[in-house]
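Okay, here's what each chain looks like letter by letter:
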Amino acid sequence: MLKVQPTFTYPPEKGCYLRGNDYSPVAFVVLLNAPYGTMPPEIQSIPKEIENLVKVAIETGAALSGTLQTENIGIEKIVCNIVANPNIRYLIVCGNEVEGHNTGSAIKALMENGIDERRTIIGSQAMTPYLFNIPLEAIYRFREQLTLIDLIGETDPEVIMKGAWSCYQENPTPFKEYKLYDPGAYSDSAISCSLTWKVKHPEEVEDWEIDEILKDIKEPEEPAEKLKKRGGEHMKEVRGVLTITKRLLKITEELSEIARLCIEELEGLEAPPGVEAKKEEAVIPEKAEPAVKPVPLVKEEIETEEELYFTNQLKGFNGVVAAFEALDKDVCHDGCSLPAAVISAQKKLKRLKEGIDSSSLSNEKKQRLEDRVNDFMERLESLPQDTSNPCQKGVGTCTIGPGCFASGALKLLNLSTELAPPKNL
Amino acid sequence: MSTAYFKNQLRGYDVVLATLPVFSNDICSRCIGLSGAQTKVIKGLKKLRIDMEKSSILDGDKSEIMAHINLCDKVANAIEVEEECECQKTAGKCKIGSGCLPLSALELMKEITEPALGVEEKEVIKVAKLVCEKCGVEEPVPVVH
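Chains A and B are the protein sequences, given in the same order.
Residues 1 to 425 (the numbering used here) make up the first sequence, in order.
Residues 1 to 145 (the numbering used here) make up the second sequence, in order.
Calculated directly from the structure, the hints in this document are not laboratory data.
Keep in mind it's a predicted model, so treat the numbers as computed, not measured.
Don't be surprised by glycine CBs; every beta carbon is placed ideally from N, CA and C.
It cannot be assumed that every hint is accurate.
Distance ranges between label pairs, derived from CB positions [as the list claims (entries may be wrong)]: (1) A:Glu158 <-> B:Ala116: 45 to 51 angstroms; (2) B:Thr90 <-> A:Glu378: 43 to 49 angstroms; (3) A:Lys250 <-> B:Ile42: 27 to 33 angstroms; (4) B:Lys74 <-> A:Arg118: 27 to 33 angstroms; (5) A:Gly153 <-> B:Thr39: 30 to 36 angstroms.
Calculated Cβ distances over 10 angstroms to all of chain B for the following chain A residues [said to hold, decoys possible]: (6) Thr120; (7) Gly123; (8) Pro157; (9) Asn363; (10) Pro422.
Construct all of the structure, not just a fragment, from the sequences and the given hints.
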């Protein structure tokens, strides 16, 4: 059975996956059906059961096993990583479908139907199944090289293990509706490619933009040859770069160690004799501080819920007053809705001021908040307040429909909902 | 699409673009909420420009609207947003509740519901029928015969 070496850069794309046996014929995709973007990437944790499936697959002998969430960049990374290893002949997609993304159905549709001339996966139910960042050659190869084993909805580790095991049997082995065996490496050379990142946020792409985006995406003149060359002969050059990079990394580590020792030494000299025992405690916060606050956006320290309530309320006024000022330059200046909204905002602001006055905040904090209130008051004072003006819709100058910008803008004040008003309000 | 359509859209963008820069002075400057709102405004203006170029509105109106779009575009691009953004609620810094000020400001565009998009065709038909189909008379202004 023919097995080949993957490309030297294999796997070219980073991601949430584990690398196992490079000569294995199977790769696993575990659909990551977890809240997206609700946690920062550095602390975002993958649910235990999904992580377990990824591990089970790799321990059973998969070449690659990882999670997949997005129907565009996520799939593109998988394509790049798989075409770089011709030994991979099966892609097992398991786990529960990703809500909102429908990534499982997207990858299935990619295998079944491919993409259209707009680089959109044909027949996918996903919202933005666009593959703008990888060469077409890689997509064609991906579809030729692989057989997709559809285990979408399957979360049983036993089934996953059986699936992986079946893929590397020498003789056809029944697994669900499939007959699986290791057919050996794909007959053509590996393809080495990575994401071009021409479209960093495919999820933001509107349908009407696609044609324009496509104009910027030019396929290489001899795609297949070039890419394969990169996958094969070009390796010597890559190897050289890798060696240099490794050396640089080692030097950096050594320099970092020297710097650390110097800092410790110097700080030891600076500290008074009695403080030596507490050296570590004293050093760490000093070091950590700059990283924590590189941009001092929140200038004031908010200490109590009461203060937070008033601060939040004033945040809304920031936007509302700015919107009113813009509307004052519009036909709304002669209408009745802007004055009505201005009066309403004034009343709310007045009430807020009374609340701040009677709050338990320190005088300094009260003053700071009241200054902001007064600033808003002043700006509102300069805006129209005569509600006897005719509605500009009636006059025929406002033609936006039944909606109203002024009353719409006023609603921004209702967004601060987390804290209940203090009792004095 | 009619001149009124473009003018109404730009009225909306004027208001939205008055509010977004204000939020960029707050923690929103490093938030995906503001960054997303900015992207949507820029894209909306781009679409408006494309639609206007395709439309059959008068050249005088076109240049006026185009100048307005360009101005809005400039303001939108000048909104200060950091390159690395994350939701400030997630980061624990935005404590206003589940709402989002920049995205809600963008919602002001939804106040605009007229003229409906179908109006364009009607206007095109009016212009196309300057020569009356029934009597063949060439009219200086659209007239229903």
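Going down the list of hints, with the structure as the test:
As the Cβ distance of Glu158 of chain A to Ala116 of chain B is approximately 57 angstroms, the hint placing it in 45 to 51 angstroms is violated. Restraint check, Thr90 of chain B to Glu378 of chain A: a C-beta distance of roughly 35 angstroms breaks the suggested window 43 to 49 angstroms. At roughly 45 angstroms, the beta carbons of Lys250 of chain A and Ile42 of chain B sit outside the given window of 27 to 33 angstroms. Taking 27 to 33 angstroms as the suggested C-beta distance range, the pair Lys74 of chain B and Arg118 of chain A conforms, at roughly 31 angstroms.
Between Gly153 of chain A and Thr39 of chain B the Cβ separation comes to about 34 angstroms, which falls inside the hinted range of 30 to 36 angstroms. The Cβ of Thr120 of chain A sits about 18 angstroms from the closest Cβ of chain B, beyond the 10 angstroms cut-off, so the non-interface label holds. No beta-carbon of chain B comes within 10 angstroms of the beta-carbon of Gly123 of chain A; the shortest separation is about 27 angstroms. The beta carbon of Pro157 of chain A sits about 31 angstroms from the closest Cβ of chain B, which is more than 10 angstroms, so the claim that it is off the interface holds.
Interface exclusion of Asn363 of chain A from chain B stands, the closest Cβ pair being 24 angstroms apart, more than 10 angstroms. Against chain B, the non-interface label of Pro422 of chain A holds: every CB pair exceeds 10 angstroms, the least being about 15 angstroms.
Checked against the numbered hints above, the structure violates hints 1, 2 and 3; every other hint is satisfied.
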